[in-house]
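A.B. asks: What follows is each chain in one-letter form.
2 protein chains.
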Amino acid sequence: MADNKKRRRKDSIDDEQPFKNKLKPDASILETLKDFSTASSSSSVPHALTLQDLTLPFRCREVADLSLSSVQSNIESLILKIAHSIISGQGFSFDVPSRSAANQLYVAELDRIVLKDKSSQRPFANISTVRKSAITARILQLIHQLCLKGIHVTKRDLFYTDVKLFQDQIQSDAVLDDVSCMLGCTRSSLNVVAAEKGVVVGRLIFSDNGDMIDCTKMGMGGKAIPPNIDRVGDMQSDALFILLVEKDAAYMRLAEDRFYNRFPCIIVTAKGQPDVSTRLFLRKMKTELKLPVLALVDSDPYGLKILSVYGCGSKNMSYDSANLTTPDIKWLGVRPSDLDKYKIPEQCRLPMTEQDIKTGKDMLEEDFVKKNPGWVEELTLMVKTKQKAEIQALSTFGFQYLSEVYLPLKLQQKDWL
Amino acid sequence: MADNKKRRRKDSIDDEQPFKNKLKPDASILETLKDFSTASSSSSVPHALTLQDLTLPFRCREVADLSLSSVQSNIESLILKIAHSIISGQGFSFDVPSRSAANQLYVAELDRIVLKDKSSQRPFANISTVRKSAITARILQLIHQLCLKGIHVTKRDLFYTDVKLFQDQIQSDAVLDDVSCMLGCTRSSLNVVAAEKGVVVGRLIFSDNGDMIDCTKMGMGGKAIPPNIDRVGDMQSDALFILLVEKDAAYMRLAEDRFYNRFPCIIVTAKGQPDVSTRLFLRKMKTELKLPVLALVDSDPYGLKILSVYGCGSKNMSYDSANLTTPDIKWLGVRPSDLDKYKIPEQCRLPMTEQDIKTGKDMLEEDFVKKNPGWVEELTLMVKTKQKAEIQALSTFGFQYLSEVYLPLKLQQKDWL
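Protein sequence lines correspond, in order, to chains X and L.
Mapping the first sequence onto UniProt numbering, position 205 (from 1) lands on 205, and the numbers just tick up by one.
Mapping the second sequence onto UniProt numbering, position 353 (from 1) lands on 353, and the numbers just tick up by one.
Treat the hints as calculated values from the structure; they're not laboratory data.
A hint or two may mislead.
[Stated by the list, open to error] Taking lysine-lysine and the DSSO-like style, the derived pairs with C-alpha atoms no more than 27 Å apart in a straight line are:
#, chain 1, residue 1, chain 2, residue 2
1, L, 343, X, 155
2, L, 34, L, 284
3, X, 22, L, 343
4, L, 341, X, 164
5, L, 305, X, 343
[Claimed, not checked] Stretch-level coverage of chain L by chain X, calculated; a stretch enters the list once three of its residues show a Cβ under 8 Å from a Cβ in chain X:
#, region
6, 153-161
7, 248-261
Yeah, the Cβ is synthetic: ideal placement off N, Cα and C, and Gly gets one too.
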């Protein structure tokens, strides 16, 4: 109470910003970042392990980005094979890879989930599979059409082209994922794209559908991340790192303050749950520009969950994990240990719900957390203190505390895990 | 069933696109649009009625866009007045305009909702209002700080600057709206902005925070609409109309096909529910460029509801309706009568739920629907047939039916209401 009175009497709240006096000059922080960036770009080579490099006790299945013409010819060969099978009296059946949980596996060396090679038959001449095989044939036909026209559509468009057959979108969506696996290509190679949600701003130049985009000249709004990654190219950057931000509000603060000009970086956000377009875009940046990725998420189990989706994929698209995931994302903040370290006031912390605590405990059992002792320590602390906090909680020290003190100090101290 | 078999045998589904043969050459459609655009820009002058022009039987309250320095001096005068009141022994109290439904009114001449001038006292020396008046003083102080720093923050940031006092965000949000009304300015004038959600693409050049943006060179992703409308300016365009699209998927189709190059237009979407940033941006385009606005929404009560929010505002921000609404939006499609006209197959239509039907019937009673006989007719048809359809339903005639047949024909026939 006494503290509170004292605070109200001051003209400015700037004096109370914890650790502001610890900040070194920007030039010194930039030196630290340059070392980090160089180390990261050279160390990322041994990281580029593929399934082929490993001697696993079973065969695994992965998909790749294929060109439209390869997708087209893959469909044509598949149909030809089936025609042969029909003519030779062996009937009409699709060989469909299993995408069930039992067929999924986390591979520690790759740090992502992959599919094992179990598959099943989907014969047309069987009452239990006739509908699904008809849907499969129809989806193949529609994708073939997209290849010929060279256009992109959404899953919803696909569904509406034959509502009578598909009945509901869950059915056409599921078969679409089957078709990806069957053809051995990513869903984006099929020219079926997700709605766009993410935005990017900062030291990045790239081409979107032939137009050159300079992300330092995108004002505060930023550039909407394109839904079709295959038309994104020519990435150039003088950034030292990529800053992945969970929330829109923090993104806005950094964009308005042009944080990327003080510390050369690329700032990207999916505004909450990561969508496929943003995940593909992040991966492409990381791969082509060889930059380290630092993540700024809420200090709660969902913040870490979001980090994990970017980092090692979601379970229902595990067949595509190699193309959707960005390895080696560092957890910059807001981490549970930051709450005390940065003296976040009690009233800006939120009590975790029963569900939060359960989610946190479950995550402690996940491979992607366990492999990083620092993360285990932080998550254990969160579950023990039963407290969470949003990135916005830093506003308690002033609206620009995030961009002017918290992040610069984090970078200066290389305080990421 | 016979139809279905026949369809499967064809090589292409293009032949089955209804009305494709009715399309005239683009040059002829462009002539129609030029006439419409010219008529619209000259007719929009008498439309610019303000509250001052009307002789209403009571006083109304509206807010205006104010510069940061005006907001700052308004706050300073307000506080000075209160200081005088305290010194002269009359105590400390805020005079707060009422934003309740009883104080709201739809004004047909303006075609939007406004606030009547009822207000109430919020004294500090009263147990029932002491907290609210303390919150009001604190919000005024924080806004004053934003004015001095010239930065933008979100409502969430504002809340976190004093969680102990505000307790939960609903309280700081509500007082923020009070403060807008008290100062007579829009919420965006306070530099408190909403999260951005919308995107824009097409024949528009504008400046965002000092950067010039050419929306014909934004690829398929488009430009994210900036959260802070006060830093948007220098709008230039050779478009003939603005196409307001409800959904992301339809937006994507039009952006990829560069529809705006065939029929010069600006395409904008909020991806569902209209957010404040997109509404402000649409209004600014309409006002500065004097272009007609055509809306493409789902054929269901919510599509029309969305149109109404753009057109005449939402109830809880009625004090700001003059700045947030775009008058004279035309309902281009998808309209209930289009379902039969364009032969949308039965299986692509969806049955309306009880709730849908109730919403539809309620809307028939709303002033903004009643003033447009064409809309009443369409909505009555919807409620009678109990059928709805999404924009995507047009994909049943081919993925590009929307951009290649439906919209061009709509434009050619001036088929809007």
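A.B. asks: Could you run down the list of hints and mark each one as holding or not?
C.D. replies: Hints, verified against the model:
1. L:343 / X:155: Given pair residue 343 of chain L, residue 155 of chain X holds - Cα atoms ~22 Å apart, limit 27 Å.
2. L:34 / L:284: With Cα atoms ~21 Å apart, residue 34 of chain L and residue 284 of chain L stay inside 27 Å; holds.
3. X:22 / L:343: violated, 70 Å
4. L:341 / X:164: holds, 20 Å
5. L:305 / X:343: violated, 46 Å
6. 153-161: holds (count 8)
7. 248-261: holds (count 6)
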